[in-house]
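Asker: Chain residues, written in single-letter form:
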Amino acid sequence: MNTQDMRIPRADASQDKSAAKVSGKARYAADIPANGALVGRILRAKIPHARIVSIDVSQALALEGVAAVCTGADCPAPLGGAATEFPLARDKARYRGEAVAAVAARDEATAEQAIRLIRVEYEKLPAYFDAKKAMGEGAEAIHADKPGNILREAHATSGDVEAGFAAAELTREKSIKFGEVNPAQLEPNATLVEVGRDGGLILHAATQAPQDVRACVAQGLGMDEAQIRVENAYVGGGFGARSECAPFEIIAALLARKAKRSVRLKQTREETFLGHRGRPETHVAVKLGMMKDGRFTACQVQTTQTGGAYASRSAADGAAPGLYALHARQHDLLRACANLPPCGGAAGAAESIAGVEALINEMAGELGLDPLAVRALNAPRELADCLEAVKQASGWAERRGQTPKGRGLGLACGRLTEGDDGGVAALALEVSVDEVTGKATAHKLWIAAHVGGALDPRAAESRIRTGVWMGLGRALSEETRYVDGKMLHGNLLDYRMPTLVESPDVEVVVIGAADAAPADASPVDPRTGANWAAGLSAAVMPALMGAVHEAAGVWPHTLPLSPDRVSDLLDARDRVKK
Amino acid sequence: MNALPDFRLHRPATLDEAVRLKAQIEHPACVAGGSDILVNLRRGLAKPGDLIDLSGLRDLDAIERIGDELWIGALTTLARLTRDGAVAAAYPALAEAAATVAGPTHRAAATLGGNLCQDTRCVYYNQSEWWRDGNAYCLKHCGEKCHVVAKSDRCYATYHGDLAPVLMALGASAIVARAGGLRRLPVENLFREDGAHYLTLAPDEILAAIALPPLNGRAAYVKGRVRESVDFPLTGIAAALKREGDVIAALRVAITGMNSAPLMVDVSKLIGKPWNDETATLLSNALRSRATALATTLAGPKYRRRAMQGLARRLMDQVWAHG
Chain A
1 MNTQDMRIPR ADASQDKSAA KVSGKARYAA DIPANGALVG RILRAKIPHA RIVSIDVSQA
61 LALEGVAAVC TGADCPAPLG GAATEFPLAR DKARYRGEAV AAVAARDEAT AEQAIRLIRV
121 EYEKLPAYFD AKKAMGEGAE AIHADKPGNI LREAHATSGD VEAGFAAAEL TREKSIKFGE
181 VNPAQLEPNA TLVEVGRDGG LILHAATQAP QDVRACVAQG LGMDEAQIRV ENAYVGGGFG
241 ARSECAPFEI IAALLARKAK RSVRLKQTRE ETFLGHRGRP ETHVAVKLGM MKDGRFTACQ
301 VQTTQTGGAY ASRSAADGAA PGLYALHARQ HDLLRACANL PPCGGAAGAA ESIAGVEALI
361 NEMAGELGLD PLAVRALNAP RELADCLEAV KQASGWAERR GQTPKGRGLG LACGRLTEGD
421 DGGVAALALE VSVDEVTGKA TAHKLWIAAH VGGALDPRAA ESRIRTGVWM GLGRALSEET
481 RYVDGKMLHG NLLDYRMPTL VESPDVEVVV IGAADAAPAD ASPVDPRTGA NWAAGLSAAV
541 MPALMGAVHE AAGVWPHTLP LSPDRVSDLL DARDRVKK
Chain B
1 MNALPDFRLH RPATLDEAVR LKAQIEHPAC VAGGSDILVN LRRGLAKPGD LIDLSGLRDL
61 DAIERIGDEL WIGALTTLAR LTRDGAVAAA YPALAEAAAT VAGPTHRAAA TLGGNLCQDT
121 RCVYYNQSEW WRDGNAYCLK HCGEKCHVVA KSDRCYATYH GDLAPVLMAL GASAIVARAG
181 GLRRLPVENL FREDGAHYLT LAPDEILAAI ALPPLNGRAA YVKGRVRESV DFPLTGIAAA
241 LKREGDVIAA LRVAITGMNS APLMVDVSKL IGKPWNDETA TLLSNALRSR ATALATTLAG
301 PKYRRRAMQG LARRLMDQVW AHG
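These protein sequence lines map, in sequence, to chains A and B. If you read the first sequence in full-length UniProt numbering, its first letter stands for residue 1, the second for the next number, and so on. If you read the second sequence in full-length UniProt numbering, its first letter stands for residue 1, the second for the next number, and so on.
The hints are simulated quantities; they were obtained by calculation from the structure and are not laboratory data. Every value quoted in this text rests on a predicted model; they were computed, and no experiment measured them. Built from N, CA and C at the ideal position, the CB exists for glycine as well. Some clues are possibly wrong.
The list that follows gives simulated cross-link-like pairs (lysine to aspartate or glutamate, DMTMM-like), each with its CA atoms no further than 25 Å apart [to be verified]:
| id | chain 1 | residue 1 | chain 2 | residue 2 |
| --- | --- | --- | --- | --- |
| 1 | A | Lys444 | B | Glu228 |
| 2 | A | Lys46 | B | Glu129 |
| 3 | A | Lys486 | B | Glu193 |
| 4 | A | Lys405 | B | Glu228 |
| 5 | A | Lys124 | B | Asp133 |
| 6 | B | Lys145 | B | Asp194 |
| 7 | A | Lys577 | B | Glu278 |
| 8 | B | Lys47 | A | Glu270 |
| 9 | B | Lys47 | B | Asp194 |
| 10 | B | Lys302 | A | Glu435 |
| 11 | A | Lys486 | A | Glu85 |
| 12 | B | Lys145 | A | Glu85 |
| 13 | B | Lys47 | A | Glu112 |
| 14 | A | Lys577 | B | Asp6 |
| 15 | B | Lys145 | A | Glu270 |
| 16 | B | Lys151 | B | Asp204 |
Not everything, but these chain B residues come out facing chain A in the computed CB check (under 8 Å) [stated by the list, open to error]:
| id | residue |
| --- | --- |
| 17 | Arg80 |
| 18 | Ser128 |
| 19 | Trp130 |
| 20 | Asp133 |
| 21 | Gly134 |
| 22 | Asn135 |
| 23 | Tyr137 |
| 24 | Val226 |
| 25 | Glu228 |
| 26 | Val230 |
| 27 | Leu298 |
| 28 | Pro301 |
| 29 | Tyr303 |
| 30 | Arg306 |
| 31 | Ala307 |
| 32 | Leu311 |
If you want the ones that stay clear, here's a sample from chain B, every Cβ over 12 Å from chain A, calculated [said to hold, decoys possible]:
| id | residue |
| --- | --- |
| 33 | Arg8 |
| 34 | Leu38 |
| 35 | Asp53 |
| 36 | Arg65 |
| 37 | His147 |
| 38 | Arg227 |
| 39 | Val247 |
| 40 | Arg252 |
For reference, chain B alone in the conformation it holds in the complex (with noise of 0.2 Å):
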């Protein structure tokens, strides 16, 4: 394993002390669990000259009732996500979505901020610094070049994270603390599509909670991979399903592994009308018309194009008949 390289480490005790020094630094970098971006420390993907630790903020770690809504802090872990009475009663998805990710070990230490805010991968980018200078660098980080699509002037990495879908459809709203205050945004709002730069957080903002909304109806989430643990999604979708009676009254699909970003898919279409053969193809289209695999990953493309489609209607099979 390769040393970290050197970097002072903050660790503030509160949210405003944290704000205060992310926007009293220049380039520094967050770390909660460590799980993502120790990792990539370690290979030289940034030499933060300051890292500061949120660990130590414990008001971020709550899980409560606001209103009619359910706050998640940024550092509850994903082991907690996972066996939470709250979250498990109202967001079975959730919970579910959060025990699919990575090992029982990283899971103790990931939180849902840092879940959230994982950065994007790419085979040409998760490598050591001597197998990327090998490979003249690339667009992410350090290079001109994109492996992936050549003459690209953005990066086309690809965000993996599995909560983020879910919480989409579920419209979950992100907590952010700046200077002067919190501002509330769309969870999808968090995202760019550009593998490079793929938060749309500013430099002074951390993300702080997740606000849930009451959920009418049925969710769900499906993730598509080679092994049933540690890996990473090759596609994964989420639904959020309000059927009344034989006809789809409200539904939300967000998916990821696809893209840079994860994404909010536009099923107007399918609203009104029942699930079936018909639906399913507007589904399929619209999911087509979203997503861009490409080959960033080991599993060709053509593979997550087809398994992304196919689970998208075994999912809706599945929250239809629930629903």
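Excised from the complex, chain A in its bound form (with noise of 0.2 Å):
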């Protein structure tokens, strides 16, 4: 995807947008009409790891009102071009809920039918769903041209890191665990194909990426991109779920030309969860140089990711750029390949910065410093202006270390998109804990960001305060959770979003926005399709930290701050007081 593909204009489009969307006119993939379309289902592997020995879809094609059964054997082409990842799989199912075999029936109930007919034989391999077994010695490869299962590595170094740290006053290190978390679009994936006399395909889809969905369904299929339009609806959400192609677009697709009719394919909320592309859990080990009056000397990054059994393919590149003024740093990225479900492209950019704040915060507690101005002494202007408005906005300078009982003030930075080349925001959160039910409510949020480009400051204003909203879910309590790999989140009860009762009051102050902005102009970063959630969630989760330290006495290390990870804090606090 190229950048001339996203300048789309959208400005203008989008107060429509939302006009349909909240009046329930706006029509979704799966509500477009299609009299006499067949019913698409697919099947997925229920065992985590294995060799597929052979599929067996004869009793399936027999049954009454089967119109199609596909198999990986239909597509021999990756998906995207990419290495390793079919829209069907053909050799091996590296995750639970990879797609194996899909069938296009008359109705549900003869296409659920034909699904059960299909014989699958597997030959089980070992399993693997953390990076460190996953990296372990002697660990079956989940990919041949992937030994040790590591998925991706980076390293970057800039400065003298080893004088840095001789240098420092105080050095200290933290371990950090971020959750993985979901793009957890609320509209399930859907897709309509229509088949035209001509044998050219019209595909209805919810994505955010038509132009992907066409390239890779013509790749997919074997056919001329001219015979395939696609039309994508409204998008009930995307978050790193639709930027690019998805497997069951093309499956879709494989169904309708060899029924050579109509196919509507839905899928469920369990499904949806299934297709994830959304960060995996993250761990960041940092080591961070200050002198005493709080300037920074070195910084020392190594961040592990438990990556799914694929990714998406518009990787970022794995640099974490620094938020600050400081030359001597130092990153490593490890992104092991585990039996889960495909996790999307981000390099944890985000959670380092996210773990370089927390230790920031601590440091300038032990060091008896402000969080803010230790930050200012160390920020560039732009991040340095975005701190000076947020110490006005909320009042720091008089609520720093005044807050009532319970309740705490914490403050954190980060970048607005997860490259070198976004802006930067500064932000304050009041907090509170209850030290019975463990759970941190968050009260009011100021955030500063300059947003460094042209862009209509209304627009930045509604994507910071969403971007916000989506940090503080991975903040207090969005998280996925698997047992053998088996997804046990695949639900909006169990995968806790937080609802707009949990959603803080957020005061906004934007920065360096152009006053007119073009037609063209999007808050979605061009190069990656990615808002502004996974920068922001940078700043929120460290904010959090600080907050609840500062209510509860207590230093998180692991992510999300869900009441019971509180309530384990609370209890370790108090068993060292007696």
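Given two chains presented individually in distinct reference frames, assemble the corresponding complex, making use of the accompanying hints.
Answerer: Okay, structure coming up:
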């Protein structure tokens, strides 16, 4: 996907779309009428890692009402040219839930029955659900071309890190675990594929990347792109799940072409969760050197991600740009491949920044310094402007250390996007901690962002607000949970996104926005299609950690800070006191 | 979303007809608001040949005073419970508990009877057919094995209703319709501590109403959960206290979200004593010996036990202060 493709005018259209969405008039891919369309359904692997010995579809094909059955044999082209992932598994199934076969039938019951008639013979292989085990000695390679199950590795050093630490008056280390998060887009995955008289295909897709869907479907089916039209209806959220073609779009097209009839492939909430492409579980080990006045001397970050069996193709490069004017920096990234649903391309830059920010708060506390002043001392101009704006808006100088018992104020900085070229932001967050339930509640958030580009300030403010709310989800309650690779969180009850009740008042100061925005201004990063949520979550999480420390006297190390985790921290604190 | 399984839908117009149908049909399921059973049917957790839609039984959605009791029909929606004048005046704890259930759209459809009779829950049960098939099913449905308690001979799925503990603390009765008339039993006797067979209703019986005695004292409910809306209780405690001067004259405490049934807690040791650290410890011990939180929810049992203890103390502080 190139930059040109992403520059679709959308500033003017956004108003109309909002009205259609809130009034219920918007038609999503699953709502588009299609009389006589066949029902598509996917057979998914029930074991997390296995060699596919054989697939017998004869009984399914013989069932009355079944129009087409597809397997990996129908699509030898890897998804979007990626080396390892196929729309339908070919030689191996690498996570529980991977698509192995698909059927198109006259109705849902027949499709379901046909799925049950497909016989797949597997040869079970050892499965890994965390980075350490996946990269352990003698572990079975999940992909033949990735020995040691290392999906990605990146190393970047600048300046003399060793000398920086030697010069430091205080050096501290901290390890933080960030839970895996799912995009959890509200609209379940759905595609309607119509077959034209000329054999061409029309896809009604829930996607933010119609050009990529067209290219990938063409590639997957060995068709000319001109024979494929992609209509994207309204999109009910993406957050990384819809920024490139997903396997099911190609599966739907394969079924329609084989059946020579329209096929509607609707997925359940559980299947939508299985599609994943969110952020993987990430361990960050940070080491920071500081002078007694708060100047940074060196920073070292080691990031380890438990990636999925596959990853998005639009992967970030792995470099974690720092926020501060600090030359001596080292960053090492390791992403392991595990037998879990495919994750997104993010290389942990947000988590790395969050780890550093959390440690800055702890070290400032240890040195008796104001964490805002420490940051201002090290910040480049734009970030210093944000810090000053947050200081004013939040009444930081008067409030800090003055919050009532059980309440605290936290602060942190972040980038709007994960790359080097986005804007920066600083935020303060007021939080209370309930000692009985262990619940941390965010009451008020002040954020100042330097958006650094031609953007409509209102659109920027709205993006910042939603980004902050998403960050609070990661900080407070959202995380995926598996037992032996079996997804336990595949519904909106157990995957706990904050509701409006949990969403605090957010005060936004936008710095550096142009007054007049061009028609094609989009607050979406044209390079990755990402919005600002990931970057902002990097600031929300450490700010929450700092606020929880001021409220309850504990330094968290695992996120999200759900009530059970906070309770454990409180109990550990009380045991020490006794 | 998965399609519903095929079933014959019955829409009785009267309670007598509904009872007759329920007695005639083998393994029928009942639906009122549908917020619990429809989700389960779509997940393949039951395949009833017949579904009896109770929503047409007009006589079951009344709230009326009968003698010194307030009768609330089983079809009363939770939304109505939250705003009904008679309920709010006499039993504010019930209105408040109803307001904590799920979200506004659920409460608009969900009924009192359905909330009480809602299915027990477990992370190994509330999953799709595909998921459970890949996990060899479980003792509650289609399987031989409990994944929560290995080698167990009964299901440990947890009861998560919010209204049952409040009604139990208030000393309410369940009015059950059956062939030949009504029978009456304490609300706590509607339940059995077995996750797979958690209701004591006979095959030909339908929960028709709840009868609430006058409240002599003060009652309250507290619910522990991660999010302040949508979530089921990870633990819930209801208390009804009659305070006379500086002693606890009468006290009823019930819990939910911990066991396979909502349970009364034996608080007899607290009666005649003031509410203080000593009686708080007695309550804590009574709760601990009654509650058996197990790994049926994503938040672990240790957390649920901790929150139950702390919230119960907070709840008692509150009713004692206002009693």
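Asker: Confirm or reject each hint.
Answerer: A quick look at each hint next to the structure:
Between A/Lys444 and B/Glu228 the alpha-carbon distance is near 17 Å, which keeps this suggested pair within the 25 Å criterion. A distance of roughly 11 Å separates the Cα atoms of A/Lys46 and B/Glu129; the hinted pair therefore holds under the 25 Å criterion. Proximity of A/Lys486 to B/Glu193 is assessed by CA-CA distance (about 28 Å); at most 25 Å being required, the pair is judged violated. Distance restraint check for A/Lys405 and B/Glu228: the Cα-Cα separation of roughly 22 Å lies within the 25 Å cut-off, and the hinted pair is therefore satisfied.
A hinted pair counts as satisfied when its Cα atoms are at most 25 Å apart, and A/Lys124 with B/Asp133 qualifies at roughly 17 Å. The suggested pairing of B/Lys145 with B/Asp194 holds, with an alpha-carbon distance near 15 Å, which does not exceed 25 Å. Proposed proximity of A/Lys577 and B/Glu278 is supported: the alpha carbons are some 23 Å apart, at most 25 Å. With a C-alpha separation of about 20 Å, the suggested pair B/Lys47 and A/Glu270 falls inside the 25 Å cut-off, and the hint holds.
Between the alpha carbons of B/Lys47 and B/Asp194 the distance comes to roughly 21 Å, so the proposed pair stays at or under 25 Å and holds. For the proposed pair B/Lys302 and A/Glu435, the alpha carbon gap of about 15 Å is at most 25 Å, so the pair holds. For the proposed pair A/Lys486 and A/Glu85, the alpha carbon gap of about 20 Å is at most 25 Å, so the pair holds. Between the alpha carbons of B/Lys145 and A/Glu85 the distance comes to roughly 36 Å, so the proposed pair goes past 25 Å and is violated.
The straight-line distance between the Cα atoms of B/Lys47 and A/Glu112 is roughly 15 Å, inside the 25 Å bound, and the hint therefore holds. A threshold of 25 Å between alpha carbons decides the hint, and for A/Lys577 with B/Asp6 the separation of about 61 Å lies outside it, so the pair is violated. Taken as a hint, the B/Lys145 and A/Glu270 pair is honoured in the structure, with Cα atoms around 23 Å apart against an allowance of 25 Å. For the hint linking B/Lys151 to B/Asp204, the alpha-carbon distance of about 33 Å lies beyond 25 Å, and the restraint is violated.
Look at B/Arg80: its Cβ only gets to about 22 Å from chain A, farther than 8 Å, so that hint breaks. With 8 Å as the threshold, the beta carbon of B/Ser128 comes within range of chain A, its nearest partner Cβ sitting at about 5 Å, so the hint holds. About 7 Å separates the beta-carbon of B/Trp130 from the nearest beta-carbon of chain A, less than 8 Å, and the hint is met. Look at B/Asp133: its Cβ gets to within about 7 Å of chain A, closer than 8 Å, so that hint holds up.
The closest approach between the C-beta of B/Gly134 and any C-beta of chain A is roughly 3 Å, which is under the 8 Å cut-off, so the hint is satisfied. Nearest Cβ of chain A to the Cβ of B/Asn135: about 6 Å, under the 8 Å cut. The hint holds. Interface restraint check: B/Tyr137 against chain A, minimum CB-CB distance 12 Å, threshold 8 Å, status violated. Among the interface hints, the one on B/Val226 holds; its C-beta lies about 5 Å from the nearest C-beta in chain A, closer than the 8 Å criterion.
Look at B/Glu228: its Cβ gets to within about 4 Å of chain A, closer than 8 Å, so that hint holds up. For B/Val230, the shortest C-beta to C-beta distance to chain A is roughly 6 Å, which falls under 8 Å, so the interface hint holds. Proximity of B/Leu298 to chain A holds as hinted, the smallest CB-CB distance being about 5 Å (cut-off 8 Å). Of the supplied interface hints, the one on B/Pro301 is violated, with its beta-carbon coming no nearer than about 10 Å to a beta-carbon of chain A, more than 8 Å.
About 4 Å separates the beta-carbon of B/Tyr303 from the nearest beta-carbon of chain A, less than 8 Å, and the hint is met. A hinted interface residue such as B/Arg306 counts as satisfied when its beta carbon comes closer than 8 Å to some beta carbon of chain A; here the least separation is about 6 Å, so the hint holds. Because the smallest distance between the Cβ of B/Ala307 and any Cβ of chain A comes to about 5 Å, under 8 Å, the interface hint for this residue holds. Hint status for B/Leu311 relative to chain A: holds, with the closest Cβ pair at about 6 Å, below 8 Å.
Listed as outside the interface, B/Arg8 is consistent with that label: its C-beta sits roughly 16 Å from the nearest C-beta of chain A, beyond the 12 Å cut-off. For B/Leu38, the condition that its CB be more than 12 Å from all CB atoms of chain A holds, with the nearest at approximately 14 Å. For B/Asp53, the non-interface assignment is confirmed: its Cβ lies about 22 Å from the closest Cβ of chain A, beyond the 12 Å cut-off. No beta-carbon of chain A comes within 12 Å of the beta-carbon of B/Arg65; the shortest separation is about 35 Å.
B/His147, annotated as away from the interface, has a beta carbon of chain A within 12 Å; the closest lies near 9 Å. Not every CB of chain A lies more than 12 Å from the CB of B/Arg227, the least distance being 5 Å, so the non-interface label is violated. Every CB of chain A lies more than 12 Å from the CB of B/Val247, the least distance being 25 Å, so the non-interface label holds. Every CB of chain A lies more than 12 Å from the CB of B/Arg252, the least distance being 22 Å, so the non-interface label holds.
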